[in-house]
Each structure stands twice: as structure tokens, then as C-alpha cells.
Amino acid sequence: MEPDLNSDAWLRRERALVAGARSGDRVAVSTLYRTFAPRIYARVLMPRLGNAQAAEDALSETFRTALERLDTFDDQGVSIYFWLTRIAVNKATDMHRVRARTRRALASFEELLAPLRPSAPRPERELEAKEHEAVLRDHVAAVLDRINPRYRQAIALRFLDDKTREECAEAMDVKLGTFDVVLLRALRAFRREWEALLGAGELREHA
Amino acid sequence: MIDDDDIDEHELREAEALARALERGSATDELPDDALEAAALIRYSRDGGALAKGREDVLLQDVLAAADRVGRREARRAPGWRWLFGALGLAAVTALLFLIVRAPEIPAPTALPAPGPRLLEIELARLEDAEAEPRFDSEMRAYRGEVYAALEARYGAR
Chain E
257 MEPDLNSDAW
267 LRRERALVAG
277 ARSGDRVAVS
287 TLYRTFAPRI
297 YARVLMPRLG
307 NAQAAEDALS
317 ETFRTALERL
327 DTFDDQGVSI
337 YFWLTRIAVN
347 KATDMHRVRA
357 RTRRALASFE
367 ELLAPLRPSA
377 PRPERELEAK
387 EHEAVLRDHV
397 AAVLDRINPR
407 YRQAIALRFL
417 DDKTREECAE
427 AMDVKLGTFD
437 VVLLRALRAF
447 RREWEALLGA
457 GELREHA
Chain H
-4 MIDDDDIDEH
6 ELREAEALAR
16 ALERGSATDE
26 LPDDALEAAA
36 LIRYSRDGGA
46 LAKGREDVLL
56 QDVLAAADRV
66 GRREARRAPG
76 WRWLFGALGL
86 AAVTALLFLI
96 VRAPEIPAPT
106 ALPAPGPRLL
116 EIELARLEDA
126 EAEPRFDSEM
136 RAYRGEVYAA
146 LEARYGAR
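Top line first, the protein sequences correspond to chains E and H. When we follow my numbering, the leftmost residue of the first sequence carries the number 257, and every step to the right adds one. When we follow my numbering, the leftmost residue of the second sequence carries the number -4, and every step to the right adds one.
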């Protein structure tokens, strides 16, 4: 159960936790981490990095940096979540900056998600992000329905059924290299259709 | 649809780079970002980018190690005032002990002699008979002498 970050009760509790974390209290740090880490990972880092390993590294870095700089944090009546979010965004940006050196496959799909998100994100809207998971699934299904059935099959086998490349190639009765190309084309077709539909506002009304 | 003859070298390299990125998370120059981003979006749609519980626990240990470092740093910052208060407290306790040890012994109350029945009888008699006054003075002087003697025995002569 996620706390209501705007409630006075939560803010009072959070202040006590932040004070504890400033002195290195492990229980306070654990509570803040358990409360915020999953949502920062899901809502901030994964959409900007698209790579679980990179997102985990960025999450860990976010909390380490926050602990180091906790003395400078001034809540100004809002949850520390939004401060942590800014740190996380900076970490993701840093990772993209050094991508050429680290050779990590990073994929920010933040822009693709943007049409599904509120036009002016506010703290109280952020709390409703859970709803967007269902909306996103519906939109992906809708776009898959509009692309070539063979491409849809390739995407479904690889990403929704989580099969290996070899299993996918066998299921589609093609060589491994051919499957790789089919998948590449399928993803490009998916993206074109996604942008066309959301750009045209056909699905936006569901968001 | 796809035709095997339709695949050019560049597309093949892109497809291989994409396959490598999806399997191992590593990037090459040929990696097609547009396709990788679409793949990441589709994967994300399955679970909303949920952080696995096991991974959450592993990362927490990392964060707690950082918290311990912060705790040690705060402890190092604290000695200035902690030592000051500690020293002041020790000084206060020492001073109190010194005063207790050096304080003069407080004597127990002295038991004074009680007036005898004869003195009380004469005191009653002088209320009715003025002639009894000299006898009362005489008895009173004697009693006063007993009291002074007791006080002198307890505290010494002045």
C-alpha cells in the first residue's frame, strides 16, 4: 500500500524518518527505501533507461547520493519523493551521457509514454500512476492488433511469452537470423503505429 | 511480411545488434535505438517496470552500507559538543564527591535532661503562693546548670 504523499500524517512520519536517516539510522533508511525505491524504479528509471541492470544501478546510486546530501534537503511541505525523483532523473541522464563508453544498451521510451501521461504532472497526479499501467497494457494490445500478424506473432513470442530467440525462430519456422530481422521490422512497425495513433490522439482519450 | 532475399547487410547487422542488446544489455554502433525503445516499452507494459523483490533486498544492503557511512561521519562530527558535555558532567560529579567527603560531620541532636518533678511542683506552687518564688529560682538555676552541663559535654566549653 503506497502512502498518500500529500497527507499531513505521512509528511509528519516522513520528517521523523528523514531525521533518522540523517544520523544513519538503518530502520529509517530502510523504511524510506522500501517506500520509494519501487516507484522510482518503475516510474522514473525504467522509462528512461529501459534496461533493468542500468535502472538498478541508477536506483542504488540515487539513494546513496541522497544519503550523502540529506543535510541539504529542505522538505518545504512536500514529500522527499520528489527530491529523490530529481536525483534519479539526473542519474539516468548521466548514464546516457557515458553510454558510448559503457556500451550499455539504454533505451529511453519516456517520449513514447508521454502521451499517456498527464500533460502537467503534479504530485497528486503522480500518485495515480498505477492506473497508467493498465492503460499502457491496453494501448500496447491495441497497437499490436493493428500491425502485420506475423510481426505481432514475433513480438508476442519474444516479449509477452518471454521465449528465447531460438524458440521464437522455431515457432515461426524461420532461421535464427531471419527471426532477428523479423523482430527488428516488427518493432519498427509497432513504433510507427504507436506514434501514428497516439500522435493523432486516437488513443489519448483513454489515458 | 519478410522475404529472406529482402534482407540487406546493414539491416542484418542492426538485427544482430538488437538481439545482443535484448539478451545481454550490451550496445554496439549498429544498435537501432528506435527498435530497442519500442521493445523496452512493450516489456515495460507487462509489469509496469516492477522491481523484483529479491533485487530490492539486494539493493537495500547497498543503500544500508551507505547509511552506515553517513552514521559514522555524523558520529565523527559530534565529538566537539559531546566531549564538552562529558567533561562538564565529570567535573560536576567530582565536585559533588569532594564536597561530600570534606563536609564537617553534623552532630546528632543532644539529649537534654528533663526537668524533675520537684521543679514542676514548685512551679505550680508559685502560681498560688508568691512565697514560693525564691525556691523556684533556686530550683530553676539548678536545672539550668544541668542543661548547660549537658550541652558543654556534647559541644565543649565556649
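Just so you know, these hints were derived from the structure itself, not from any lab. Glycine residues also receive a C-beta, built at the ideal position from the N, C-alpha and C atoms. Errors might be hidden in some of the hints.
Derived CB-CB ranges, DEER-like [to be verified]:
(1) H:G20 x E:P259: 27 to 37 Å
(2) E:R290 x H:R72: 24 to 34 Å
(3) E:R269 x H:R72: 18 to 28 Å
Now the stretches of chain E that chain H is said to cover, found in silico as 3 or more residues with beta-carbon under 8 Å [claimed, not checked]:
(4) 278 to 292
(5) 335 to 345
(6) 350 to 363
Results for each hint:
The hint said 27 to 37 Å for the Cβ distance between G20 of chain H and P259 of chain E, and at roughly 33 Å that hint holds. At about 27 Å, the beta-carbon gap between R290 of chain E and R72 of chain H stays in the expected band of 24 to 34 Å. Restraint check, R269 of chain E to R72 of chain H: a C-beta distance of roughly 26 Å satisfies the suggested window 18 to 28 Å. Here the region 278 to 292 of chain E counts 9 residues with a CB under 8 Å from a CB of chain H, which clears the bar of 3, and the coverage holds.
For the region 335 to 345 of chain E, the stated coverage by chain H is violated: 0 residues have a C-beta nearer than 8 Å to a C-beta of that chain, whereas at least 3 were required. Coverage of a stretch by a chain is defined here by at least three residues with a beta carbon nearer than 8 Å to that chain's beta carbons; for the region 350 to 363 of chain E and chain H the count is 6, and the condition holds.
Violated hint: 5 only; the structure is consistent with all others.
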